[in-house]
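Participant: Residue numbers (the working numbering), protein chains in the order written: chain A, 4 to 426; chain B, 249 to 602.
One or more of the hints may lead you astray.
As the list claims (entries may be wrong) - Listed below are the simulated EDC-like cross-link pairs for lysine to aspartate or glutamate, each with C-alpha atoms no more than 20 Å apart in a straight line:
#, chain 1, residue 1, chain 2, residue 2
1, A, Lys233, B, Asp327
2, A, Lys316, B, Asp327
3, A, Lys233, B, Asp328
4, A, Lys316, B, Asp448
5, B, Lys319, A, Glu295
6, B, Lys513, A, Asp321
7, A, Lys316, B, Asp328
8, B, Lys513, A, Glu324
9, A, Lys155, A, Glu76
10, A, Lys401, A, Glu348
11, A, Lys231, A, Asp214
Since the hints were made in silico from the structure, they are not lab data.
These figures come from a predicted structure and were not determined experimentally.
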Amino acid sequence: MADWTAQVFQNEYLPDGATDVHAIVTVTSQGTGQAGENGGAAEAIIIDCSGSMGAPRSKIIAARQAAAAAIDEIADGTWFAVIAGVGLAQAVYPQTGMVQASERTRAVASAAVSQLSPQGGTAIGQWLLTGFEAFRAAPAAQRHAILLTDGKNEGESAQQLQSAIDTVTGEFQCDCRGVGADWDVNELRGIADALLGTVELIADPADMAADFQAMMQTAMGRGIADAKLKVWAPQGAELLFVRQVAPTVADLTDRRVNVTPLITEYPTGAWGDESRDYHVAVRVPPKTLGAEQLVARVQIEVGGQVVTQGLVKALWSDQTELTTRINPAVAHYTGQVELAQVIQEGLAAKAEGDTDTATFKLGRAAQLAAETGNEDATQKLKKVVDIEDPVTGTVRLKRDVAKLDEMALDTASTKTTRVRPSA
Amino acid sequence: MTCPSCGAAVAEADAFCESCGTELPAAATDRATLTPATRPEVAQSAAERSARTQLITLRAEPDELPAPPCKSCGGAVGDDGWCTVCGARASNGREHVTEAPTPTVAAVSDKGRIHPRNEDAFAIATKDGWIALVVCDGVTTATDSDAAAYAAAQAARNLLAATDRPAGSADDRQQHWCLQVKAAALAADEAAEATASKGDANPPSCTFVVAIADGDVIVAASVGDSRAYWLPDEGPAEQLTVDDSWATEQIKAGVSREEAEADPKAHAITRWLGIDSPDVDPSTVTSTAKGPGWLLVCSDGLWNYCSDAAELRDLVNAQPAEPLARAEALVDWANQQGGHDNITVTLARIGDTG
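Chain B with its partners taken away, still in its complex shape (with noise of 0.2 Å):
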């Protein structure tokens, strides 16, 4: 199977096409009319391979696959996604994810080295001319919110593939980019209330951010405290969003960032997605990229650990050339520097010419 729109690979129970985000034909008979030999031959990277069994993985219903045993022990995996023997928490199949849809683009999503599952989760939506990049970070102290992290992502990815953006100007295209942002925050959200189950007194809830890049538009927006950068080869490296947490609202006071950004309480979120959640219009922010460089999407598994974005740009810089790889490595190096969250990385390389 391949997508209609962009010819990557894809999976015949996929709605959307992983790498570009078209929808695809419902109807297994609209599939079938596609002769094997007039599909054009893919080659499925291990990255793409990976993305996709995480798909799978999580779309299976409980009672249509039996769940794998335990990784720790051996023993039956219950319903509840907890062994019934050991009580370990059954895997998610998100301990380290990879995805590298065009050439240009690569995203890396990881485990890190003290939580014990992966609660960050990435989409991305590549089409002619632009690109998507979302992140959105499960908050660990509510229940299941990998669940909400990575059916808000998917959800904000698929609403922005599909919009028909105007050919028209920058100003027409930012525009439309202001509008859509907005759009699949609130989509993002409805897919992260989804998961809540009746009852639950600490209900999923994730962060949110998206960074577009449209020719030299650039829009993002973000709830919460994952971050886009704008990272240019020349001319100031950007922070385009502003995170809604008890540390920014610290330094709006007047308390220096390195004090604020020290404190315990420092990551502490404002605003979130998810169903107990007070308000989720993203604060929407614009950019020109005036030449070439790295359009970076990440959670504050990465950016923890290097804050400013001048000196983000510099680490960055200094990984290798190739997105994929320098996505890998900027994961590695959190996780140097005591990986104790999450880590998720998306870059998209803009502007180069030829």
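Okay, chain A solo, but in the shape it has when bound (with noise of 0.2 Å):
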């Protein structure tokens, strides 16, 4: 049996007349056992077997060790499938549907790895539309894909690619994968965040076997196939934003669905024993000084039940020692939530030649990165600017910037750092 708990970190003293209230939501699961107990699991390895993917031949060799790393992790009983993505993706193993993971059918399918040659083109939305069809071939409820790419999405038009990602959401999670400098970190990065899963660069394929191993072990270790995010705000009250802050960036605000008018409900996939922490505001209509009220309930439900809830409040007050404190986990993810936008923001104009907002928005994110002491993101930004003065944010931009070395930037971006507010 799981056991989950919700931490409601915010200062819920507020001055006359304030209405926002902001909250930062920390969800811990533990005990959650292993992917499949309720009900079965499915995962699907898709790897781009696109004609790029021969030069050099390291990339082809190393993804083909890298699903076979990935197998081996597949729990016994698990469903699985390998798709290799070409023009028009193809079963690599089984020919249809999915198969149940024992000694004989990972052998069967790292064999069959082992043959993936470099061909064809790059069309993602077909990938994820043969995975789909994969998963409906396989009685299991917790469904996770794992999706490799060097490359752009040409072999399909944006919409094409688009309409595939609506067409899965909500069917499978996937985790993207990036090698090499010559695919798209905003594309991936939309595939994942529909997806519910992580984007990452591997900038070596070296490296690839490694992470394939890691990822496979962490969605083994789901044992929660399904949870949702539940918030009620009272009648009379606005939801401004409801945010995932760590452990990466995600807002959640546009998957919502409107349960009861006061209640809203946001998909967050499967859980292994973990830790995520959210970001809530909400607007109330202001009370008297003295008054309390609640203005969010943050649930976890699982299978229709609630396993935890943190309540965020307001106390109206005119005490200023206590309505001017700023809560530290507000201000630490609300730094780190910039940081992320400013980042992207800043690669974005970079690459469009736009210098001076380009200086501009990476000098905040130097600044930000120092103040939230977030040192990955400082240390990824060195490589892109010159930071003269992380404290006022000046930086310069560098001349020849290694185009892996934007991209680690870009990719890194919604991952946050964590603070632990001492109470």
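Make the complex out of the two chains shown on their own, each in a separate frame, by following the hints.
Facilitator: Below, the structure is given as structure tokens:
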């Protein structure tokens, strides 16, 4: 039986007339067990086999090894399939649908992936749809895919890709990996965000096998097939936004499903033993000094049951020493979300040749990374800009920046560091 | 139902007599042996009824009784104690609670004018020859501190009520109570800790103060900034307890009392009861009642407007003589000063002869 907790970090004290309440809710799950324990699990491994994967040849060799490493981690009884991404996706193993993992099927699948060869184009939408078809053949409630590409989606239109994403959204989760410097960070991030997965850059093909192995281990360690985040706000309130802020930033606001006029629901996918932070912002009509109000119930629902709840409150006070406090968790994540945004905007401006905007945005990023102690972001920024003064955010764009360094900064921009406020 | 020890009316579900704190027989069959004809009729004052309602409300499990609808909008109240429509907190039934177990003892606890609910709690034990007054003040900045304060006060009272105090010398009795108040603080802390829920970032916590008058022996102990005063009719008035607070630390360090207590941080307490409490060993104080006077145990909702013991005695003596009326008048006075906090006043008249 999984053990869930929800901790709320906020300053509930509002000055006279204030309306906006911000809170960070940390949801933690423990003892979730293994994937597939409730209704079975299915895995799809989708490997880009476009022509470019053969140049250099080390890419396709690494991809074969990575696929085999992932297959090795699939637990007995889990349904799985390996799909080759070419112009139209091709089943590698089994021929149709999925098979259950066993020593034998894993061996056959590994033998099949060792034969993968580069041919054809990149049509990621088609790959996703083929993956979906395979999933539909397996009697498993928990569906997860790994998608590897080395290029942009050129074999089909952007509309075709988007339509495929829409079709499979909510059907399976997908972790996306880009190898090399020729794929589009925004494109892959869009897929990963919609399909509740992660996106990572694999700069060196030699790192791919370890990454695939880790990804599959994580997927196999998710004993909760599907959890929903539910947010209640009182009558007359406006839910300003709901964001996941750790381990990565994802705005959930647009994914909401209205359950009742007061309750909205957001998919969060499968859970292992982990912790995720959510930033909830609610606007309520102000009340008199001394009044108190519950402004949000933040709940996790699994299988129709609320398993944990955090309460976000407001208390209007004339004590300025209480109302002027800024909750460190709220401040930290507000900074981290802006950091992700300015990195992405700065890199986009740089790509368009708008040096002023790029300098300004990446300067702000350097400042925020320093303020919020995001050392990883600072290190990645340093490969793109010279940081002259992190306090004021004064930076100079570097002249010759490796494309991979820019992509690494962009891909990691949504990763946040955590704070643990003292109380 | 009546208490076998003091004869006060008790409810079937009560484990302890609310008037004297005696542990009541657990089995209902024991109670059934008392036929209605043998029960002494005890008139139930409005104050007693109010205190009883409070107890019953708080003891009810949420799934046993449907919660009454929200007082603000009439919507359904959730299991979490908040309205599911407008988000108002359900009443804890303690906006204004009074108790007067004997003609010389009274307590009033009031929400005040600013706080949304009353997080103070009191509990009284009266027995032959001695009385204990307990006050706990729930820390507003922590979650569900009203439950912690209530549980802590009850636990301390119950422990004290169950003790066999020696009939011996004043020294023996003083020694006994000095040990018992420490045990009461630990019991109160355990009860406060039990109200914490898993994963609470800001677990419930409360202050603790107890004062016991046993003949002329007075023993008081506290954790936090709720206070006990001994206000004799003649001779110097005494603040018995020393606050565990920022202000007190400043005063110790040489800052004037007025200046320290005027600081916004004055009320920040440095010790408390609850799961996140570092240390709950109370400071114990003793005194001797050389003549008649008032034993006053109160929360900062009262003393914040009148901290000095001599001034407080003048204030207490300016109120109606009857203890409950006096306690009510002191609460009214604190509300007139602004009622910025919950106000709890417990009073016992000590040492009158005849």
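Participant: All the hints need checking, so say for each whether the structure fits it.
Facilitator: Comparing the hints with the structure gives:
{"no.": "1", "hint": "Lys233/A / Asp327/B", "verdict": "16 Å, holds"}
{"no.": "2", "hint": "Lys316/A / Asp327/B", "verdict": "16 Å, holds"}
{"no.": "3", "hint": "Lys233/A / Asp328/B", "verdict": "15 Å, holds"}
{"no.": "4", "hint": "Lys316/A / Asp448/B", "verdict": "14 Å, holds"}
{"no.": "5", "hint": "Lys319/B / Glu295/A", "verdict": "13 Å, holds"}
{"no.": "6", "hint": "Lys513/B / Asp321/A", "verdict": "14 Å, holds"}
{"no.": "7", "hint": "Lys316/A / Asp328/B", "verdict": "13 Å, holds"}
{"no.": "8", "hint": "Lys513/B / Glu324/A", "verdict": "8 Å, holds"}
{"no.": "9", "hint": "Lys155/A / Glu76/A", "verdict": "29 Å, violated"}
{"no.": "10", "hint": "Lys401/A / Glu348/A", "verdict": "17 Å, holds"}
{"no.": "11", "hint": "Lys231/A / Asp214/A", "verdict": "27 Å, violated"}
Going down the numbered hints, you'll see the structure goes against 9 and 11, while the others check out.
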